[in-house]
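Protein chains: 2
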Amino acid sequence: MEEKIRLAIDMDEVLADTIDKFIEVYRRDHNTEILLEEMSGKEFHELLPDTLSHSWRDYVNAPGFFRDLKVMPGAQQVVADLQKKYDVYIVSAAMEFRNSLIDKLDWMNEHFPNIGWKNIVFCGNKIVDVQIMIDDRIRNFAGFHGRKIIFSSPHNHYITEYERANNWLEVADMLL
Amino acid sequence: MEEKIRLAIDMDEVLADTIDKFIEVYRRDHNTEILLEEMSGKEFHELLPDTLSHSWRDYVNAPGFFRDLKVMPGAQQVVADLQKKYDVYIVSAAMEFRNSLIDKLDWMNEHFPNIGWKNIVFCGNKIVDVQIMIDDRIRNFAGFHGRKIIFSSPHNHYITEYERANNWLEVADMLL
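Top to bottom, those sequences are chains A and B.
All residue numbers for the first sequence refer to my numbering, where the first residue is 1210 and numbers rise by one.
All residue numbers for the second sequence refer to my numbering, where the first residue is 1210 and numbers rise by one.
Hints may contain errors.
Because identical chains cannot be distinguished in the list, a pair is counted as satisfied if it fits within a single copy or across any two copies.
[Stated by the list, open to error] In the DSBU-like style, the derived pairs of lysine-lysine whose C-alpha atoms are separated by at most 35 Å in a straight line are: (1) 1230 / 1279; (2) 1357 / 1327; (3) 1279 / 1327; (4) 1230 / 1293; (5) 1279 / 1294; (6) 1279 / 1357.
Derived by calculation from the structure, the hints in this document are not laboratory data.
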């Protein structure tokens, strides 16, 4: 059997809508409304008032934060289609947040049950031996010599040096 | 700065003495004594009486199993020395056992605090982009084209095709 090309797909802001969760918890707990439109080129926490700007780490460190994130539109169908053609790995820099590990694995098993445990990688630096990488963070492309696809997220809005997918339909057009 | 060579080190039976824990829990809970001398070329669970041979999965699936493993003799000092010369990554196929993730991360932080979160990888298939790999399981060498060092564990006793380290002092001799 011919070996399939290996494709690494990021979780936060690519498969999972982490920003939506941030917006929700700050609206709920702090009556603070952050609009997607304000976010271009910025990290979410840069938009928080000074009094709140350090609390975002408390949220991501809390058990449960990553467990109920919404799936990005179209991701399930396109990933299923990609699995037919590619050896798909889900690669998340989860190691920074101890309590995210189980939440992220459970989330994967709920929403992407066809991605088996052998194809999930939780790491820090993304030192994966793959041919294609889809990620919203260009720091994860450091030292990677394969095809790099930046997945649009407000914080990367002004980055122009990479092949870009604005959504999962565009990933499908590029890779299927 | 010149880039260091990347070295991937396995956890179970390389940094952490998983077999010692197995021996202990079967002695404690089942009055069953498994001797290291009987284990050559065999997996631990193959030595269990039929009535117990399936319970080993219950143990590794339970929270806490991987939290209090003993550190393999010499591992801490040699890993510290290796970090001066190599870009050391700890790579464990932890993803099979959901509840091992946090235990393994906490264990690393306790016993190897100088290995930061960026250099820890929990995965299934070990698709890491490194130049050297130290592992007790040759299945983890599949598709890996770098230098492969098999770390002695009873189950791999009769495997002869790889460069072998019997303990951490031998790793030091080979790589330092």
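Outcome of the hint check:
{"no.": "1", "hint": "1230 / 1279", "result": "within (8 Å within a copy, 40 Å between copies)"}
{"no.": "2", "hint": "1357 / 1327", "result": "both (23 Å within a copy, 20 Å between copies)"}
{"no.": "3", "hint": "1279 / 1327", "result": "both (23 Å within a copy, 26 Å between copies)"}
{"no.": "4", "hint": "1230 / 1293", "result": "within (31 Å within a copy, 41 Å between copies)"}
{"no.": "5", "hint": "1279 / 1294", "result": "within (25 Å within a copy, 43 Å between copies)"}
{"no.": "6", "hint": "1279 / 1357", "result": "within (25 Å within a copy, 41 Å between copies)"}
The structure shown violates none of the earlier numbered hints.
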